[in-house]
Amino acid sequence: MQAEVKQVEQRVKSHWFKDGLGEVVGGLMFILLGVYFTLVELLGESSLVGGLLQAGFIVVFLGLFYLGRRLILGLKTKYVVPRAGYVEYRVDREHQMGKRIGAALFAAVIAAEAVISIRVPGILNWLVVLTGLLVGLMLVFAQLRTGGIPRFFFLGAFSLLIGIASGLTRLPDGYALGFYYGSMGVIFSVTGLLVLQNFLKKYPLQMGPADEE
Amino acid sequence: MKNNLQGLVDLDRVIHEPARLMLVMILATVESADFLFLQGETGLTKGNLSAHLSKLEKAEYVRIEKTFKGKYPLTICRLTPAGRRALTNYRSSIGEALGKGR
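Protein sequences, first through last, are from chains A and B. Going by this note's numbering, the first sequence opens with residue 1, and the numbers climb by one from there. Going by this note's numbering, the second sequence opens with residue 1001, and the numbers climb by one from there.
Next comes chain A alone, as it looks inside the complex (with noise of 0.2 Å):
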């Protein structure tokens, strides 16, 4: 019985992808963070909005995650529970931990990305793969926890891809760290759409009352 449970846990965690719109906001952020790592590199630190923008790192960082989740939590309100219903996860503590680790070394290569200016010798630019590797192990986590989505693995197996690809071009580190994002964000955004334009299809707006209570 304990397998059917852990089956039943797994359909129910995965019910939060199922939409896609995870994958459309979070692409949209890379997009953003692609841009703005471009923007610094750009720009230069010298210059007064290069330097502010560098500076302010930390408030882009947390603006653009507080924002994508806000963003989620209200598409989500609007277009999945009236079609496919409302659930609130339990907080899992066994998990919690591990999760914590991971978001705050994904939080910690993204700082050093914003606050490292100089460049680790060698062919690669190993900043770009590390996030690459990073993301790539975050995705496979979350395809394992939730026991269904084989898509994880293929964004997993393109981030660390893309993440090699963009170290192995030698461009600078704003450059190099704009290309990974900005792809990434291309690639969730893309296939986030096609997971919600198959959710949209599959899940009609449901008309009338949703209980017979």
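It is worth saying that the hints were derived from the structure and are not from the lab. Heads up, none of these hints are tricks.
Dumping the calculated DSSO-like pairs for lysine-lysine here, alpha-carbon to alpha-carbon at most 27 Å: (1) B:K1069 with A:K202; (2) A:K6 with B:K1055; (3) A:K201 with A:K78; (4) A:K201 with B:K1046; (5) A:K78 with B:K1046; (6) B:K1069 with A:K78; (7) B:K1069 with A:K18; (8) A:K18 with A:K202; (9) A:K201 with A:K76; (10) B:K1046 with A:K76; (11) B:K1046 with A:K18; (12) A:K78 with A:K202; (13) A:K76 with A:K202; (14) B:K1069 with A:K201.
Once you've looked at the hints, dock chain B against the given chain A.
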């Protein structure tokens, strides 16, 4: 084994019914869920789902409240501590009767 099998007689019949077991198992994995979500996950008809939820509510295993999410009216269901305990007891009883790990 005989004693274990006899334990089946004492199984909680409110939970033992497959549709209600499915509902309780789903609700055990979430904080709360609405009627439409449960309908989608279980594949039950509205009338069936409503009847099973009423039985679970009557047994005080599920709490049902009407609310709104934005402009959208919701019938939110959540498992009570008694419902959670009942599921745990049910799992342990059925596990003992059928042999753990099967």
